[in-house]
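There are 2 protein chains.
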Amino acid sequence: MVISINTSDGGFRDAIRTGSYTGQTSGMAPGFVQANLAIFPKDWAEDFLRFCLYNPKPCPLLGVTEPGSSRLPMVGAEIDLCTDLPLYRVWHDGQCIEELSDIRHLWRDDLVGFAIGCSFSFEQALQEAGIRLRHIDQGRNVSMYRTNIPCLTAGRFRGPLVVSMRPMKASDAIRAIQVCSRFPNVHGAPVHIGNPAQIGITDISKPDYGEPTEILEDEIPLFWGCGVTPQAIISEVKPPFCITHSPGSMLITELLNGALAVL
Amino acid sequence: MVISINTSDGGFRDAIRTGSYTGQTSGMAPGFVQANLAIFPKDWAEDFLRFCLYNPKPCPLLGVTEPGSSRLPMVGAEIDLCTDLPLYRVWHDGQCIEELSDIRHLWRDDLVGFAIGCSFSFEQALQEAGIRLRHIDQGRNVSMYRTNIPCLTAGRFRGPLVVSMRPMKASDAIRAIQVCSRFPNVHGAPVHIGNPAQIGITDISKPDYGEPTEILEDEIPLFWGCGVTPQAIISEVKPPFCITHSPGSMLITELLNGALAVL
Numbered sequence: 001m002v003i004s005i006n007t008s009d010g011g012f013r014d015a016i017r018t019g020s021y022t023g024q025t026s027g028m029a030p031g032f033v034q035a036n037l038a039i040f041p042k043d044w045a046e047d048f049l050r051f052c053l054y055n056p057k058p059c060p061l062l063g064v065t066e067p068g069s070s071r072l073p074m075v076g077a078e079i080d081l082c083t084d085l086p087l088y089r090v091w092h093d094g095q096c097i098e099e100l101s102d103i104r105h106l107w108r109d110d111l112v113g114f115a116i117g118c119s120f121s122f123e124q125a126l127q128e129a130g131i132r133l134r135h136i137d138q139g140r141n142v143s144m145y146r147t148n149i150p151c152l153t154a155g156r157f158r159g160p161l162v163v164s165m166r167p168m169k170a171s172d173a174i175r176a177i178q179v180c181s182r183f184p185n186v187h188g189a190p191v192h193i194g195n196p197a198q199i200g201i202t203d204i205s206k207p208d209y210g211e212p213t214e215i216l217e218d219e220i221p222l223f224w225g226c227g228v229t230p231q232a233i234i235s236e237v238k239p240p241f242c243i244t245h246s247p248g249s250m251l252i253t254e255l256l257n258g259a260l261a262v263l
Numbered sequence: 001m002v003i004s005i006n007t008s009d010g011g012f013r014d015a016i017r018t019g020s021y022t023g024q025t026s027g028m029a030p031g032f033v034q035a036n037l038a039i040f041p042k043d044w045a046e047d048f049l050r051f052c053l054y055n056p057k058p059c060p061l062l063g064v065t066e067p068g069s070s071r072l073p074m075v076g077a078e079i080d081l082c083t084d085l086p087l088y089r090v091w092h093d094g095q096c097i098e099e100l101s102d103i104r105h106l107w108r109d110d111l112v113g114f115a116i117g118c119s120f121s122f123e124q125a126l127q128e129a130g131i132r133l134r135h136i137d138q139g140r141n142v143s144m145y146r147t148n149i150p151c152l153t154a155g156r157f158r159g160p161l162v163v164s165m166r167p168m169k170a171s172d173a174i175r176a177i178q179v180c181s182r183f184p185n186v187h188g189a190p191v192h193i194g195n196p197a198q199i200g201i202t203d204i205s206k207p208d209y210g211e212p213t214e215i216l217e218d219e220i221p222l223f224w225g226c227g228v229t230p231q232a233i234i235s236e237v238k239p240p241f242c243i244t245h246s247p248g249s250m251l252i253t254e255l256l257n258g259a260l261a262v263l
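Residue numbers (this note's numbering), protein chains in the order written: chain W, 1 to 263; chain H, 1 to 263.
Note that these hints are calculated values from the structure, not bench results.
Check before you lean on any hint, since a few could be wrong.
If several chains are the same, the list does not tell them apart, and a pair holds so long as it fits within one copy or across any two.
Okay, derived cross-link-like pairs now, DSS-like style, lysine-lysine, Cα gap no bigger than 30 Å in a straight line [said to hold, decoys possible]: (1) 42 <-> 238; (2) 206 <-> 238; (3) 57 <-> 42; (4) 238 <-> 57.
Let's have the full structure, built from the sequences with the hints guiding it.
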């Protein structure tokens, strides 16, 4: 079911589309699903599609374009991937070479766009269940880590799972697993709980991405598959050309978070 | 939905009913729900019913009799609580004074019987999900502990929550929380995960009931509300007269474990 975002957007999509807003999307369009973006030439896109299907915890697919089309009707009738994110990253050979607010001049008739679920959706569900999230309370980016868990390889795409970490009390942790299990399209249940060393994280105070998050004495860390995984893998696999969102500047879809719940 | 147990019982109910079998019921009538039993005079039963409603994690109510009736149609058309458990405990003033295989001579027209969900049901679901349970693999009783978590008080019934503990790897722990969440009538999701000290367990190697269970280096302990809670509370509250099952010798109902799943 696609709900028009235009009824509640307060004009933010126009601001993004025209390039007048190029910042983070956290907290914008409350209730609507936001997504990670990855765009590859068709040749690489075929491998990447299988990579997402093989690794649904870090890369839950919300939508894929037709080759050459920048429209994404699976997640919104009005979306144009060339203009509708505040900030894009352009990658050559595994390196980000520039950040842009518009990629119309880079679009090609062999490009395929992928919208991948984002933790903002399950964070809304956790907060609605009364669970406090420290990085949000403190206005920080979530802590993210490379693990020693390999993603399933798809063609040229191979590399480690990246996880995001949220600490909470044990009773909240149990509830969080229940809540997130309802949302498999946005990373679903955690992939790990407890000892970080078991998944190859040697220093929990030093995240590989994002900012550190304190873990209190009576808390346990929960680890979710993270949508940063594709960007980490792009750095390793070094495709000649691709485009992603800039971290935190997500695609705002026309789907409601609540509509993603499977139960 | 009540499924007749007689099609698959191999005569065990007759053996129990006639007193020729007085042992444990673990593994008997596979697939059928087993239950903890508590029987109180009507005066005390009124408090106990509210105690169960207030504390559904340790005391999930599967069935209650009409006062004076030993039949329990909520869980089986043919059940007679006076004869259909292998072994009963009779309690006077909070002390178990005898174990009997038949309580017909003790039945009174003011008694009320309670069937309370038992971990055997969710253990079946965990095993069907491929999760190994060490105490079962080793043929031991599960480890149980008094906690510092108070049950909600109902009239004269008050006391600490008793939990059962099962250790498992983190990925199995997450799956176990999902699986058990489908079975709220048989203790549901764990009440705690991780550090035993947080719920007042000072020495995990010394359970208050049952037998010790080793926790391996890469495992995390999960704690479920336990049907032993009522017997622990009977010891404390000391009602003048009551009857329970003898630990491990449960009421075998006519309900299927699978039929208890809420989803």
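Evaluated hints:
| no. | hint | verdict |
| --- | --- | --- |
| 1 | 42 <-> 238 | within (16 Å within a copy, 75 Å between copies) |
| 2 | 206 <-> 238 | within (25 Å within a copy, 55 Å between copies) |
| 3 | 57 <-> 42 | within (23 Å within a copy, 53 Å between copies) |
| 4 | 238 <-> 57 | within (22 Å within a copy, 52 Å between copies) |
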